[in-house]
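Asker: Sequence:
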Amino acid sequence: MAYASARTVDVASLPVIDLDPLMSGTVTGLERTAAALTDAAERVGFFYVTNHGVPASLIEEAAAVSRRFFDSPREAKATVAVQGRHRGWLDPGEAVMEGARRPDLKESFIWGIEVEPDDPALATNPLLAPNRWPAFLPALQPTLGAYLDAAHACGWQL
Numbered sequence: 001m002a003y004a005s006a007r008t009v010d011v012a013s014l015p016v017i018d019l020d021p022l023m024s025g026t027v028t029g030l031e032r033t034a035a036a037l038t039d040a041a042e043r044v045g046f047f048y049v050t051n052h053g054v055p056a057s058l059i060e061e062a063a064a065v066s067r068r069f070f071d072s073p074r075e076a077k078a079t080v081a082v083q084g085r086h087r088g089w090l091d092p093g094e095a096v097m098e099g100a101r102r103p104d105l106k107e108s109f110i111w112g113i114e115v116e117p118d119d120p121a122l123a124t125n126p127l128l129a130p131n132r133w134p135a136f137l138p139a140l141q142p143t144l145g146a147y148l149d150a151a152h153a154c155g156w157q158l
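If you're matching positions, the sequence shown starts at 1 in our numbering and goes up one per residue.
Some clues are possibly wrong.
Said to hold, decoys possible - Restraint-style ranges between C-beta atoms, simulated for each label pair:
{"no.": "1", "residue 1": "Arg102", "residue 2": "Thr26", "range": "45 to 53 Å"}
{"no.": "2", "residue 1": "Ala78", "residue 2": "Arg32", "range": "45 to 53 Å"}
{"no.": "3", "residue 1": "Arg32", "residue 2": "Pro117", "range": "38 to 46 Å"}
{"no.": "4", "residue 1": "Trp156", "residue 2": "Arg101", "range": "31 to 39 Å"}
{"no.": "5", "residue 1": "Leu58", "residue 2": "Met97", "range": "24 to 32 Å"}
{"no.": "6", "residue 1": "Asp39", "residue 2": "Lys106", "range": "24 to 32 Å"}
{"no.": "7", "residue 1": "Asp118", "residue 2": "Ala12", "range": "46 to 54 Å"}
{"no.": "8", "residue 1": "Ala34", "residue 2": "Ser13", "range": "17 to 25 Å"}
{"no.": "9", "residue 1": "Gln83", "residue 2": "Glu42", "range": "38 to 46 Å"}
{"no.": "10", "residue 1": "Glu107", "residue 2": "Gly25", "range": "35 to 43 Å"}
{"no.": "11", "residue 1": "Leu30", "residue 2": "Glu60", "range": "26 to 34 Å"}
Don't read these hints as lab results, they were simulated from the structure. Just so it is clear, CB atoms sit at the ideal spot from N, CA and C, and this is done for glycine as well.
Construct all of the structure, not just a fragment, from the sequences and the given hints.
Answerer: Have a look at this one:
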């Protein structure tokens, strides 16, 4: 896969798109939002959204529980390390993007929709796997699950 050349973009210049017109359900609101999304995607390739319907309290709760996970000892996080499928914790230096010469130096926790270990889709989708939730932080699963559900609802609106 070929990737576009990277360019530096000032974060302050990233488009901020208000989704309130989309959520209004009017044709005019839909058209206005679609035009703004198309412009931002084609011109910049990235954008922020406001009035997306994800409660601020849920965003804050997800950020807080994520910080608790990453602040945990390495040995604890290693109990949910990625093991062959694309779910779990990656220590800094373990991730290498396709075509990269050096590994990423970021620490990651990869999770997604919940799937059962015997789901037939696992055979055909290498990025799909059962999530690996840490026993030492039981709040992580329900909090990130609720956040994912809210983000998916926004995505379906878009």
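Asker: Confirm or reject each hint.
Answerer: Hint by hint, here is what the structure shows:
Between Arg102 and Thr26 the beta carbons are some 49 Å apart, a value that agrees with the proposed interval 45 to 53 Å. A beta carbon spacing of about 48 Å between Ala78 and Arg32 agrees with the range 45 to 53 Å that was offered as a hint. A hinted range of 38 to 46 Å for the beta carbons of Arg32 and Pro117 is consistent with their spacing of about 44 Å. A hinted range of 31 to 39 Å for the beta carbons of Trp156 and Arg101 is consistent with their spacing of about 38 Å.
Taking 24 to 32 Å as the suggested C-beta distance range, the pair Leu58 and Met97 conforms, at roughly 30 Å. Look at Asp39 against Lys106: about 30 Å separates their beta carbons, and that is inside 24 to 32 Å. A hinted range of 46 to 54 Å for the beta carbons of Asp118 and Ala12 is consistent with their spacing of about 48 Å. Range check, Ala34 to Ser13: about 22 Å between beta-carbon atoms, so the 17 to 25 Å window is met.
In this structure the supplied range 38 to 46 Å holds for Gln83 paired with Glu42, their Cβ-Cβ distance being about 39 Å. Roughly 41 Å separates the CB atoms of Glu107 and Gly25, a value that falls within the hinted 35 to 43 Å. For Leu30 and Glu60, the hinted distance range of 26 to 34 Å is satisfied, since their beta carbons lie about 30 Å from each other.
Every hint from the earlier list agrees with this structure, and none is contradicted.
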